[in-house]
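Visitor: Chain residues, written in single-letter form:
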Amino acid sequence: KAGVTQTPRYLIKTRGQQVTLSCSPISGHRSVSWYQQTPGQGLQFLFEYFSETQRNKGNFPGRFSGRQFSNSRSEMNVSTLELGDSALYLCASSLESGVYGSPLHFGNGTRLTVT
Amino acid sequence: AQSVTQLDSQVPVFEEAPVELRCNYSSSVSVYLFWYVQYPNQGLQLLLKYLSGSTLVKGINGFEAEFNKSQTSFHLRKPSVHISDTAEYFCAVSPRTNAGKSTFGDGTTLTVKP
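Protein chains in written order, with the working numbering: chain P, 52 to 166; chain X, 717 to 830.
Careful: at least some of the hints might be erroneous.
Incomplete in silico selection of chain X near chain P, CB under 8 Å [to be verified]:
1) Y748
2) K765
3) D822
4) G823
Calculated from the structure, these hints are not laboratory results.
In this text the structure is predicted, and so the values were computed from the model without any measurement.
Glycine included, every Cβ here is placed at the ideal spot set by N, Cα and C.
Please model the complete structure; the sequences and the hints are all you need to start from.
Guide: Laid out in structure tokens, this is it:
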């Protein structure tokens, strides 16, 4: 079974631009979460989508948004990029079958550098 | 709300020595507990999880962890480490009633020296 796929692996953008990151979950996984990882802040939860609906949201400004499609693929968008948005963005999927405690399966991340 | 504290940011150890990575958590609701490992330039992989039942859980690569409810701890152990265990380890919790939102600790970098 293929793992979680994130594209692209690397991105370099300029301040003020916007960016879209893509995540394809493991087949059959309906929950997709996004995390920002930086050396100073560690892993910060951005949001979680389940069946095309945002179910949970972290404490990030409105410049960070996401969506999920009917095939469970998800995209994350960051508008008006700031230098502090430079980070590794990780997508994780999990199986929701009514049994909680399903672990997260992570992709290898998208490394975003804002200059 | 939940919080996770990993008590050691860096743990250096010699090959074949035992190791313990410490994790304490705080939560107002019941939680599930996880340990993940991250190798350079990769995402996180699940090592083990505690959902219920026996407080000692075994995971992949010879790791195990013990859940202590009274001390709200979930320490990770391995009796004999290998060079290949060098990586960053994350402790995480997710509320039982909202399993889609996990909170991670800041990570512990385990460095195994020959």
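Visitor: The structure should be examined with respect to each hint, and the outcome stated for every one.
Guide: Structure-based check of each hint:
1. Taken as an interface hint, Y748(X) checks out: its beta carbon lies about 5 Å from the nearest beta carbon of chain P, inside 8 Å.
2. The interface hint given for K765(X) is met, as the beta carbon of that residue sits about 6 Å from the closest beta carbon of chain P, less than 8 Å.
3. At about 4 Å, the closest approach between the beta carbon of D822(X) and any beta carbon in chain P falls short of 8 Å, and the interface hint on this residue holds.
4. The closest approach between the C-beta of G823(X) and any C-beta of chain P is roughly 6 Å, which is under the 8 Å cut-off, so the hint is satisfied.
In summary, this structure violates none of the numbered hints.
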